[in-house]
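Quick note: the sequence shown uses my numbering, first residue 1, plus one each step.
Keep in mind that the hints were calculated from the coordinates and are not lab data.
A portion of the hints provided could be inaccurate.
Below, a list of computed lysine to any residue pairs in the SDA-like style, where the Cα atoms sit at most 25 Å apart [stated by the list, open to error]:
1) K125 to L30
2) K125 to A68
3) K125 to A28
4) K125 to A27
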Amino acid sequence: MRPRPSAPPSPPVAEPPTALRRAARLAAALGACFLVLLVLVALRWHPLITVDGGISRTTHRWAVGDHAVTRVFRVLTDWVWDPTTMRLVCAAAAVWLVWRRAAWWTALWLAITCAVATLVQQAVKSAVGRPRPVWPDPVDSAHYAAFPSGHAMTATVVCGLLLWLLHRHGPRPALWRAAVTAAVVSVLGVGVTRVWLGVHWPSDVLGGWLAGAALVAAAVTVHEWPRAGGTRPSRGRWSPGA
Numbered sequence: 001m002r003p004r005p006s007a008p009p010s011p012p013v014a015e016p017p018t019a020l021r022r023a024a025r026l027a028a029a030l031g032a033c034f035l036v037l038l039v040l041v042a043l044r045w046h047p048l049i050t051v052d053g054g055i056s057r058t059t060h061r062w063a064v065g066d067h068a069v070t071r072v073f074r075v076l077t078d079w080v081w082d083p084t085t086m087r088l089v090c091a092a093a094a095v096w097l098v099w100r101r102a103a104w105w106t107a108l109w110l111a112i113t114c115a116v117a118t119l120v121q122q123a124v125k126s127a128v129g130r131p132r133p134v135w136p137d138p139v140d141s142a143h144y145a146a147f148p149s150g151h152a153m154t155a156t157v158v159c160g161l162l163l164w165l166l167h168r169h170g171p172r173p174a175l176w177r178a179a180v181t182a183a184v185v186s187v188l189g190v191g192v193t194r195v196w197l198g199v200h201w202p203s204d205v206l207g208g209w210l211a212g213a214a215l216v217a218a219a220v221t222v223h224e225w226p227r228a229g230g231t232r233p234s235r236g237r238w239s240p241g242a
């Protein structure tokens with residue numbers, strides 16, 4: 001009898017790139033940290049409430065006593081680092097990607113990620129329903145529930161996404177340093193202003209940072225996932241690598 005021809009070997013399964021695995025693990029770790037904080041806030045864990053109250057009372061006393069700094073912080077939080085301003089920056093980046101590079105997929109990915117961040121933020125606020133700080137002599141006001149901070153989360157998402165996109169295009173060192181500095185100052189600065197102005201507890205800001213960073217890492221994983229199959233996607237209008 002003639003031997004049966006052996007079946008052709010199955011193609012090897014490509015391992016996801018190291019950067020992709022790292023982004024997925026980072027998203028999982030940050031998401032887990034955010035969930036732990038969310039549970040502690042929802043349960044009104046006494047040590048967390050105590051720390052929040054102590055920091056907030058101190059910063060509110062400073063805000064009432066230093067009118068000049070408070071005015072600057074109100075301008076920064078209401079105009080420069082406001083979520084609407086951040087979303088407009090993101091929209092401008094998406095338009096630039098389409099206009100100058102025909103990167104339709106990346107522009108759509110950027111817009112969808114920002115929209116998802118807004119939906120997640122509002123859903124968690126409604127689910128937790130944490131009251132904002134209340135002061136007899138407030139220096140600012142805000143609406144909706146406190147946790148997580150929408151300002152902190154939006155700034156983290158927008159700055160994180162734009163930094164990652166800039167890094168992929170190999171910027172000059174001076175431009176990269178300037179971009180990282182601007183992003184760090186914006187993300188940290190908006191958190192400081194929200195606590196200083198007495199409209200958020202410190203853990204609200206921490207929650208916004210964690211949720212925003214987790215969403216950025218998850219979005220990077222989604223964007224780069226088509227590259228993990230071993231074959232490079234085509235460079236058409238909707239190419240993930242555009």
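Violated hints - listed by number, lowest first: Hint 2 alone not satisfied by this model.
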